[in-house]
Amino acid sequence: MDVFLVVLVSGKASVIASGTVRVLKGEGGGEVWFVALDVCKALGLTDARKSVGLLDEDERNTVPVTDSLGREQHTFIINESGLYSLSFWMMMKNLPVQ
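The opening residue of the sequence shown carries number 1 in full-length UniProt numbering; numbering runs sequentially from there.
Don't read these hints as lab results, they were simulated from the structure.
Hints should not be assumed to be uniformly reliable.
With a Cα cut of at most 27 Å, we get these calculated DSSO-like pairs of lysine-lysine [as the list claims (entries may be wrong)]:
hint : residue 1 : residue 2
1    : K50       : K93
2    : K41       : K93
3    : K25       : K50
Across the chosen pairs, the derived CB separations fall in these ranges [said to hold, decoys possible]:
hint : residue 1 : residue 2 : range
4    : D56       : G30       : 26 to 36 Å
5    : M91       : S68       : 31 to 41 Å
6    : M91       : T66       : 34 to 44 Å
7    : M92       : G70       : 37 to 47 Å
8    : D67       : K93       : 16 to 26 Å
9    : G30       : Q73       : 28 to 38 Å
10   : K93       : R71       : 33 to 43 Å
11   : M92       : T66       : 29 to 39 Å
12   : G26       : D56       : 33 to 43 Å
13   : S68       : K93       : 17 to 27 Å
Backbone N, C-alpha and C define an ideal beta-carbon position, used for all residues, glycine too.
With the hints as constraints, model all of the structure from the sequences given.
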């Protein structure tokens, strides 16, 4: 899914981040989760592990993923609240001081 983070500053909309983010949905209409590495890349956050570590426990999780060699790896995922938290932190870091 292609995503764009748009912020309004002084009545003008600016795209401050964009990228492709993989989305996972829980069974039975469960919660939507986003692959944390994809979100961090789109937001320009270089250390995904550290960024995810700043989130509350209920905003993050890990899921097993089998890589191309058949090995099980664990991938960080974040929920919608975690997505908003990371986006907010990134915006606060990049907004000009008024």
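Exercise for the section: Using the beta carbons of G30 and Q73, state whether their distance is inside 28 to 38 Å or not. Expected result: Violated, at about 22 Å.
Practice task
Using the beta carbons of D67 and K93, state whether their distance is inside 16 to 26 Å or not.
Solution key: violated, 32 Å
Practice task
Indicate whether the distance between the beta carbons of M91 and T66 respects the range 34 to 44 Å.
Solution key: holds, 35 Å
Practice task
Determine whether the Cβ-Cβ distance between S68 and K93 falls within the hinted range of 17 to 27 Å.
Solution key: Given about 35 Å between the Cβ atoms, the range is violated.
Practice task
Go ahead and decide if the range 31 to 41 Å is satisfied by the Cβ distance of M91 to S68.
Solution key: holds, 35 Å
Problem - Straight-line alpha-carbon gap K50 to K93, limit 27 Å - result: holds, 16 Å
Handout entry: Outcome of range test on Cβ distance (G26, D56; 33 to 43 Å)
Key = violated, 18 Å
Exercise for the section: Can you let me know if the beta-carbon spacing of M92 and T66 is within 29 to 39 Å? Expected result: Check passed, 37 Å falls within 29 to 39 Å.
Exercise for the section: With 37 to 47 Å as the target window, see if M92 and G70 comply at their CB atoms. Expected result: Cβ of M92 to Cβ of G70: about 42 Å, so the range 37 to 47 Å holds.
Problem - Hint check for R71 and K93 - Cβ pair distance inside 33 to 43 Å - result: Holds, at about 35 Å.
Practice task
State, for the Cβ atoms of D56 and G30, whether the hinted interval 26 to 36 Å holds or is violated.
Solution key: violated, 19 Å
Problem - Holds or violated: K41 to K93, with C-alpha atoms at most 27 Å apart - result: Measuring from Cα to Cα gives roughly 15 Å; hence the hint holds.
Figure legend: structure checked against the earlier numbered hints; hints not met, in rising order: 4, 8, 9, 12 and 13.
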